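A.B. asks: In the numbering used here, the protein residues as written are 706 to 805.
Since the hints were derived computationally from the structure, they do not count as laboratory data.
Each hint should be verified, as a subset may be incorrect.
Claimed, not checked - Simulated restraints, written as ranges between beta carbons of each label pair:
{"hint": "1", "residue 1": "Val730", "residue 2": "Leu760", "range": "45 to 51 Å"}
{"hint": "2", "residue 1": "Ala790", "residue 2": "Asp759", "range": "20 to 26 Å"}
{"hint": "3", "residue 1": "Thr801", "residue 2": "Thr771", "range": "28 to 34 Å"}
{"hint": "4", "residue 1": "Pro769", "residue 2": "Ala800", "range": "53 to 59 Å"}
{"hint": "5", "residue 1": "Ala723", "residue 2": "Gly764", "range": "56 to 62 Å"}
{"hint": "6", "residue 1": "Leu725", "residue 2": "Glu758", "range": "51 to 57 Å"}
{"hint": "7", "residue 1": "Asp797", "residue 2": "Glu758", "range": "30 to 36 Å"}
Being a predicted model, the structure only gives us computed values, none of them experimental.
Don't be surprised by glycine CBs; every beta carbon is placed ideally from N, CA and C.
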Amino acid sequence: MNILTKVNRKVIIASVAAVLIVAIVAFIFTRSAGPAMLDSDVPGVADSKFDVEDLLLSGNLVFPNTLELSFSSEGEVGSVNVSEADRVSKGDILATLDNV
706 MNILTKVNRK VIIASVAAVL IVAIVAFIFT RSAGPAMLDS DVPGVADSKF DVEDLLLSGN
766 LVFPNTLELS FSSEGEVGSV NVSEADRVSK GDILATLDNV
């Protein structure tokens, strides 16, 4: 063997050894860092494995669909035919006026 082949062989062996050492060190550090975080550990990531019947929430509901009512004649409100949270449809009589 000539000297150039011996040098190339030493460089290749040293390079392979360096890559193996880096891989082993990286493996050890990533394993000792603890278990990987799950999606359920990350704030804001929802887990859809819950029963809706067991869900208890508190807060205020805000409805963007509000309307102002007006009547074609003057008078005092005689009766209100709906309550808060009632579902209404087009044509339902919501309130009536007293004839004053």
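A.B. asks: Hint by hint, note whether the structure agrees.
C.D. replies: Hint by hint, here is what the structure shows:
no., hint, in the structure
1, Val730 to Leu760: 45 to 51 Å, "47 Å, holds"
2, Ala790 to Asp759: 20 to 26 Å, "23 Å, holds"
3, Thr801 to Thr771: 28 to 34 Å, "21 Å, violated"
4, Pro769 to Ala800: 53 to 59 Å, "22 Å, violated"
5, Ala723 to Gly764: 56 to 62 Å, "58 Å, holds"
6, Leu725 to Glu758: 51 to 57 Å, "56 Å, holds"
7, Asp797 to Glu758: 30 to 36 Å, "32 Å, holds"
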